[in-house]
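Protein chains in written order, with my numbering: chain H, 60 to 250; chain Z, 60 to 250; chain S, 60 to 250; chain C, 60 to 250.
No lab work stands behind these hints, which were simulated from the structure alone. Incorrect hints may appear among the rest.
Stated by the list, open to error - Simulated restraints on C-beta separations:
#, chain 1, residue 1, chain 2, residue 2, range
1, S, N131, H, L237, 31 to 39 Å
2, H, P239, C, P198, 28 to 36 Å
3, S, R100, Z, L61, 29 to 37 Å
C-beta atoms are modelled at their ideal positions from N, C-alpha and C, and glycine is treated no differently.
There are 4 protein chains.
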Amino acid sequence: MLFTDAVVAIAVTLLVLPLVEVVTESKTEGLTAVEVITEHRPQIFTFLLSFVVIVRFWLVHHRVFEHVRRYNTRLIQLNLGWLLLIVILPFPTEIIGSFETSRFTSGLYIGTILVLSLCQSGLVLMIRRHPDLEDPDNPVTRGELINSIVTAGLFGLAFVLAALVPNVGFYALFLLFLTPVISRPLAKRTA
Amino acid sequence: MLFTDAVVAIAVTLLVLPLVEVVTESKTEGLTAVEVITEHRPQIFTFLLSFVVIVRFWLVHHRVFEHVRRYNTRLIQLNLGWLLLIVILPFPTEIIGSFETSRFTSGLYIGTILVLSLCQSGLVLMIRRHPDLEDPDNPVTRGELINSIVTAGLFGLAFVLAALVPNVGFYALFLLFLTPVISRPLAKRTA
Amino acid sequence: MLFTDAVVAIAVTLLVLPLVEVVTESKTEGLTAVEVITEHRPQIFTFLLSFVVIVRFWLVHHRVFEHVRRYNTRLIQLNLGWLLLIVILPFPTEIIGSFETSRFTSGLYIGTILVLSLCQSGLVLMIRRHPDLEDPDNPVTRGELINSIVTAGLFGLAFVLAALVPNVGFYALFLLFLTPVISRPLAKRTA
Amino acid sequence: MLFTDAVVAIAVTLLVLPLVEVVTESKTEGLTAVEVITEHRPQIFTFLLSFVVIVRFWLVHHRVFEHVRRYNTRLIQLNLGWLLLIVILPFPTEIIGSFETSRFTSGLYIGTILVLSLCQSGLVLMIRRHPDLEDPDNPVTRGELINSIVTAGLFGLAFVLAALVPNVGFYALFLLFLTPVISRPLAKRTA
Numbered sequence: 060m061l062f063t064d065a066v067v068a069i070a071v072t073l074l075v076l077p078l079v080e081v082v083t084e085s086k087t088e089g090l091t092a093v094e095v096i097t098e099h100r101p102q103i104f105t106f107l108l109s110f111v112v113i114v115r116f117w118l119v120h121h122r123v124f125e126h127v128r129r130y131n132t133r134l135i136q137l138n139l140g141w142l143l144l145i146v147i148l149p150f151p152t153e154i155i156g157s158f159e160t161s162r163f164t165s166g167l168y169i170g171t172i173l174v175l176s177l178c179q180s181g182l183v184l185m186i187r188r189h190p191d192l193e194d195p196d197n198p199v200t201r202g203e204l205i206n207s208i209v210t211a212g213l214f215g216l217a218f219v220l221a222a223l224v225p226n227v228g229f230y231a232l233f234l235l236f237l238t239p240v241i242s243r244p245l246a247k248r249t250a
Numbered sequence: 060m061l062f063t064d065a066v067v068a069i070a071v072t073l074l075v076l077p078l079v080e081v082v083t084e085s086k087t088e089g090l091t092a093v094e095v096i097t098e099h100r101p102q103i104f105t106f107l108l109s110f111v112v113i114v115r116f117w118l119v120h121h122r123v124f125e126h127v128r129r130y131n132t133r134l135i136q137l138n139l140g141w142l143l144l145i146v147i148l149p150f151p152t153e154i155i156g157s158f159e160t161s162r163f164t165s166g167l168y169i170g171t172i173l174v175l176s177l178c179q180s181g182l183v184l185m186i187r188r189h190p191d192l193e194d195p196d197n198p199v200t201r202g203e204l205i206n207s208i209v210t211a212g213l214f215g216l217a218f219v220l221a222a223l224v225p226n227v228g229f230y231a232l233f234l235l236f237l238t239p240v241i242s243r244p245l246a247k248r249t250a
Numbered sequence: 060m061l062f063t064d065a066v067v068a069i070a071v072t073l074l075v076l077p078l079v080e081v082v083t084e085s086k087t088e089g090l091t092a093v094e095v096i097t098e099h100r101p102q103i104f105t106f107l108l109s110f111v112v113i114v115r116f117w118l119v120h121h122r123v124f125e126h127v128r129r130y131n132t133r134l135i136q137l138n139l140g141w142l143l144l145i146v147i148l149p150f151p152t153e154i155i156g157s158f159e160t161s162r163f164t165s166g167l168y169i170g171t172i173l174v175l176s177l178c179q180s181g182l183v184l185m186i187r188r189h190p191d192l193e194d195p196d197n198p199v200t201r202g203e204l205i206n207s208i209v210t211a212g213l214f215g216l217a218f219v220l221a222a223l224v225p226n227v228g229f230y231a232l233f234l235l236f237l238t239p240v241i242s243r244p245l246a247k248r249t250a
Numbered sequence: 060m061l062f063t064d065a066v067v068a069i070a071v072t073l074l075v076l077p078l079v080e081v082v083t084e085s086k087t088e089g090l091t092a093v094e095v096i097t098e099h100r101p102q103i104f105t106f107l108l109s110f111v112v113i114v115r116f117w118l119v120h121h122r123v124f125e126h127v128r129r130y131n132t133r134l135i136q137l138n139l140g141w142l143l144l145i146v147i148l149p150f151p152t153e154i155i156g157s158f159e160t161s162r163f164t165s166g167l168y169i170g171t172i173l174v175l176s177l178c179q180s181g182l183v184l185m186i187r188r189h190p191d192l193e194d195p196d197n198p199v200t201r202g203e204l205i206n207s208i209v210t211a212g213l214f215g216l217a218f219v220l221a222a223l224v225p226n227v228g229f230y231a232l233f234l235l236f237l238t239p240v241i242s243r244p245l246a247k248r249t250a
């Protein structure tokens with residue numbers, strides 16, 4: 060879907076706009092050029108974080124849609140839900156960049172990605188279950204299915220940790236490094 | 060038309076920018092991260108509303124242009140009018156998100172969508188009436204024609220209600236749920 | 060060239076952003092929703108003007124590039140100059156929307172379009188003069204060449220009028236309506 | 060890669076947004092339309108500089124990817140790094156446009172382009188060394204490889220000069236004019 064690629068390309072490029080605005084504000088506040096960087100490390104960090112998040116989800120999404128030979132209305136609708144979450148992501152990104160990390164801000168940000176991740180799993184499941192959507196010569200693999208479910212599960216866990224336990228914040232996202240550790244043995248066992 | 064898809068993709072993604080700006084403003088006003096959400100529910104709602112509006116019109120537009128085998132100047136001009144309305148939509152969106160709902164604001168917003176909807180019906184009619192534009196193997200169906208006219212009619216009704224009756228506001232848009240109820244029997248009768 | 064289409068699509072969609080910002084400013088200044096429209100008619104007018112300008116140049120550009128079968132470095136460079144002028148157009152647009160019309164502001168705006176128009180004529184000339192660029196089955200027509208030169212000439216005249224004669228301003232652009240009146244007889248005579 | 064082209068098109072078009080904002084600010088500060096231009100020459104200059112930088116890197120990138128017949132994960136990752144640098148470039152652009160030129164600001168800007176240039180060389184090297192990526196009928200030429208390395212080397216030198224020697228600033232970028240002078244003889248000698 061060309062439309063999906065275009066929206067992702069725009070969303071990822073718009074992430075820089077708040078950083079650009081920060082420069083103008085810093086100047087009116089009398090900061091120096093060095094302080095623009097040092098005083099806005101959280102914004103620069105969240106820019107990078109959201110860049111990586113969007114790009115990673117898009118890469119997986121891209122691979123998933125290689126298994127699709129035909130679209131139906133439901134698939135398009137779920138994909139538009141996926142796109143809505145990509146489009147809205149700069150909003151929680153700006154919130155976590157502008158405010159102190161709290162259970163609310165990290166929960167909001169990770170929660171948004173959790174819903175995005177659930178949409179992604181939903182897309183994988185829908186394609187796998189509908190032979191009229193799936194390309195018979197290139198079906199969704201068991202490994203991709205397990206991977207997308209494990210990813211969503213770990214984002215769920217990260218969300219719970221960030222929203223309930225104080226001072227965990229974005230460190231909860233380190234859980235995602237466990238994705239291959241969990242999904243590979245599972246893929247083997249069920250194979 | 061690739062150009063149309065690109066403009067729609069950009070318009071839909073730009074909708075988030077006012078939400079991003081709201082965060083910076085909220086911080087300078089001394090709001091908390093939670094209040095950024097609770098105090099700006101109208102902006103978040105209108106973001107979602109315009110996202111759905113643009114995406115729905117695009118889906119129908121996309122299907123309509125599958126019936127086209129050749130373009131002429133008139134079709135391109137009407138399509139550019141359609142694009143102008145997609146491009147301008149973030150302006151009334153921002154107005155209804157920033158100001159109290161009144162007969163003016165809801166009339167302005169629904170009026171913009173009404174004109175967009177008239178352009179869409181115009182495109183359907185133009186393609187159906189010009190055999191040199193229409194793909195003979197895949198003509199515009201009677202159902203699509205009726206659907207686009209009923210949609211425009213209901214937006215017209217919603218516009219009149221919102222602009223004339225106080226306190227109706229965006230509830231007038233619920234009329235659009237009647238589209239299938241009205242257009243299906245009409246499509247059958249004339250079939 | 061896909062890249063050209065993408066840049067034009069973005070430039071034309073970005074034109075709405077200053078209008079969106081006007082809403083936020085108006086609210087902090089205590090204007091009503093109606094006054095957002097009535098007090099910013101110049102900005103709305105210049106938005107529409109630049110939308111039409113960009114879209115018209117793009118349509119002609121699109122048709123011109125249908126005659127191209129191969130690119131060379133010079134053609135790409137001139138096209139990037141064309142793109143630079145499309146990309147920068149929102150800047151003079153914002154100036155004429157924000158400041159009183161004067162010989163400087165209307166000269167700056169029409170001057171930018173004049174340079175854009177000279178680039179366009181340059182592209183047409185370059186394609187026509189280089190048989191290795193031009194598609195032999197679909198060469199640039201004499202009419203297209205004359206049309207592009209007459210357009211550039213009238214923008215030149217409009218620029219001179221707007222920059223030298225007080226109170227002419229954007230009315231100078233009405234000269235462009237003479238394009239077909241002048242170029243059609245010329246195309247016939249030289250045919 | 061269509062995604063790359065889209066991101067570059069957006070990044071290059073977004074460069075104008077700070078110029079547009081400058082107009083609104085100038086008006087609230089009571090400047091005249093002429094002063095918008097004369098007082099913001101640094102911003103206009105840096106807009107043009109970054110436009111040229113992005114467009115030049117994209118042209119080379121485009122030519123490099125014509126040698127690719129297949130992608131692997133590593134190539135995609137390095138390309139996403141390249142894209143990250145394109146996306147972030149408006150941030151240092153705004154810094155050098157807003158603040159006095161210093162060793163820090165010119166070092167930051169040239170440093171960003173240096174990393175971009177290293178990514179570009181990395182892409183060229185990776186394609187040349189992996190026969191499964193490279194199109195055997197259209198391999199990366201020795202000249203392209205040398206050119207990309209010389210470019211990165213000159214950006215490295217420019218970075219060192221700008222960051223260490225006071226008052227050099229962006230004049231260090233004139234070093235890049237040496238690219239053909241250095242790389243052509245090298246390409247011949249090694250051929």
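Taking the hints in turn, this is what the structure says about them:
1. N131/S with L237/H: 31 to 39 Å: 53 Å, violated
2. P239/H with P198/C: 28 to 36 Å: 34 Å, holds
3. R100/S with L61/Z: 29 to 37 Å: Cβ of R100/S to Cβ of L61/Z: about 34 Å, so the range 29 to 37 Å holds.
Violated hint: 1 only; the structure is consistent with all others.
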